[in-house]
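Undergrad: If you read the protein sequences in the order shown, they are chains G and V.
Take the first sequence: its position 48, counting from 1, is numbered 95 in the numbering used here, and each next residue is one higher.
Take the second sequence: its position 2, counting from 1, is numbered 49 in the numbering used here, and each next residue is one higher.
The set of hints was computed from the structure by calculation and includes no laboratory data.
Please read these numbers as outputs of a predicted model, since none were measured by experiment.
Incorrect hints may appear among the rest.
[To be verified] DEER-style ranges, computed between Cβ atoms:
| id | chain 1 | residue 1 | chain 2 | residue 2 | range |
| --- | --- | --- | --- | --- | --- |
| 1 | G | G171 | V | R146 | 12 to 22 Å |
| 2 | G | V61 | V | R146 | 19 to 29 Å |
| 3 | V | A217 | G | A123 | 22 to 32 Å |
[Said to hold, decoys possible] Subject to a maximum C-alpha distance of 25 Å in a straight line, what follows is the list of computed DSS-like cross-link-like pairs (lysine-lysine):
| id | chain 1 | residue 1 | chain 2 | residue 2 |
| --- | --- | --- | --- | --- |
| 4 | G | K213 | V | K170 |
| 5 | V | K213 | G | K106 |
| 6 | G | K133 | V | K213 |
| 7 | G | K170 | G | K106 |
Quick reminder that beta carbons are idealized off the backbone N, C-alpha and C, glycines included.
There are 2 protein chains.
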Amino acid sequence: MELYVERGFENTTVAEIAERAGLSERTFFRHFSDKREVLFSGSAGLAELLTERVAAAPKTAAPLDIVSAALQAAGAVIQERGEWSKQRQAVIDANPELRERELIKLASLASAVAEALRRRGVKGPSASLTAEAGIAAFKVAFERWVQQPTKRNLPRLVRESLDDLKAITAGH
Amino acid sequence: MELYVERGFENTTVAEIAERAGLSERTFFRHFSDKREVLFSGSAGLAELLTERVAAAPKTAAPLDIVSAALQAAGAVIQERGEWSKQRQAVIDANPELRERELIKLASLASAVAEALRRRGVKGPSASLTAEAGIAAFKVAFERWVQQPTKRNLPRLVRESLDDLKAITAGH
Numbered sequence: 048m049e050l051y052v053e054r055g056f057e058n059t060t061v062a063e064i065a066e067r068a069g070l071s072e073r074t075f076f077r078h079f080s081d082k083r084e085v086l087f088s089g090s091a092g093l094a095e096l097l098t099e100r101v102a103a104a105p106k107t108a109a110p111l112d113i114v115s116a117a118l119q120a121a122g123a124v125i126q127e128r129g130e131w132s133k134q135r136q137a138v139i140d141a142n143p144e145l146r147e148r149e150l151i152k153l154a155s156l157a158s159a160v161a162e163a164l165r166r167r168g169v170k171g172p173s174a175s176l177t178a179e180a181g182i183a184a185f186k187v188a189f190e191r192w193v194q195q196p197t198k199r200n201l202p203r204l205v206r207e208s209l210d211d212l213k214a215i216t217a218g219h
Numbered sequence: 048m049e050l051y052v053e054r055g056f057e058n059t060t061v062a063e064i065a066e067r068a069g070l071s072e073r074t075f076f077r078h079f080s081d082k083r084e085v086l087f088s089g090s091a092g093l094a095e096l097l098t099e100r101v102a103a104a105p106k107t108a109a110p111l112d113i114v115s116a117a118l119q120a121a122g123a124v125i126q127e128r129g130e131w132s133k134q135r136q137a138v139i140d141a142n143p144e145l146r147e148r149e150l151i152k153l154a155s156l157a158s159a160v161a162e163a164l165r166r167r168g169v170k171g172p173s174a175s176l177t178a179e180a181g182i183a184a185f186k187v188a189f190e191r192w193v194q195q196p197t198k199r200n201l202p203r204l205v206r207e208s209l210d211d212l213k214a215i216t217a218g219h
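Isolated chain G, as found in the complex (with noise of 0.2 Å):
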């Protein structure tokens, strides 16, 4: 990450990257199936945390209720992580073809969480909506939270994200 930062993604190479981790390129390999991965790599861990967020809300609880506190529970993963998030974030805005892998794996957080919707027994379009319209929520809260040179709390701009979400749905 920090050689990312130094030198931009591009001219950043394999060979580099694992000498600075104290790594052989082999083992690199091993961990990581190519250089974007070392960015992307958490994302399964979130997509699993979301699933089982989900999975074990109370039975009562409403859908986009559910969605928000897993998606709260995710802000505070990516908040503990604190500065390499925001670096790393630095890192993909900077490139194109990175921005893309990161729409790509929001789109299958979305998914994660639409078919852990649906194993809770919540509609097909309704379960798809509830889980996009939550990470588009998740997104605008991230962008604030990165952006700011305050630390504010990501969990708790996730929560206020999806109460203007309402808001805004409810027409005020």
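Since the structure of chain G is already known, use the hints to place chain V on it.
TA: Showing chain V alone in chain G's frame:
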């Protein structure tokens, strides 16, 4: 497009596309930067349509209703292209690289809508959130339209999808 459906996107060359369309390769490249753009050149027109519709909406209209009306208009344009739009989607779904490009184009439509809302005086995070949620609802409507065998009306599915979103966020 016929060639993409017959042979798959990967196995079709620009020379073949140009020949089928009765164009020289040179003319092809005057219209499209690469063979992917045959599938995505319409999105600039959609962004323009959405931006115009948002700008021209009545002053008193609620932001989400403005976005809903604009997306229904975009749905009508896509609906007119009918079979072409569905074939296009089948080609995209079969190719991960094209799916990434599709997500980028959707994200840029959301940015265009957010920007148009901001020019109407809608505040930063609300503008982004309304635009992202609207595009999310559009995406779900479009998937339903592509998947169903019967010919349901896309603008109507878009409106239903936005109405479902309102019901979901109201906790019903």
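Undergrad: Now, for every hint given, state plainly whether the structure supports it.
TA: Cross-check of the supplied hints:
Taking the beta carbon of each, G171 of chain G and R146 of chain V are about 20 Å apart, inside 12 to 22 Å as hinted. Between V61 of chain G and R146 of chain V the Cβ separation comes to about 26 Å, which falls inside the hinted range of 19 to 29 Å. Checked against the hint of 22 to 32 Å, the pair A217 of chain V and A123 of chain G passes, with Cβ atoms roughly 27 Å apart. Distance restraint check for K213 of chain G and K170 of chain V: the Cα-Cα separation of roughly 16 Å lies within the 25 Å cut-off, and the hinted pair is therefore satisfied.
Among the hinted pairs, K213 of chain V with K106 of chain G is consistent with the structure: their alpha-carbon atoms are about 22 Å apart, no more than 25 Å. Between K133 of chain G and K213 of chain V, the direct Cα distance comes to roughly 33 Å. Violation of the 25 Å bound is thereby established for this hinted pair. Restraint check for K170 of chain G and K106 of chain G: the C-alpha separation of about 15 Å stays at or below 25 Å, so the hint holds.
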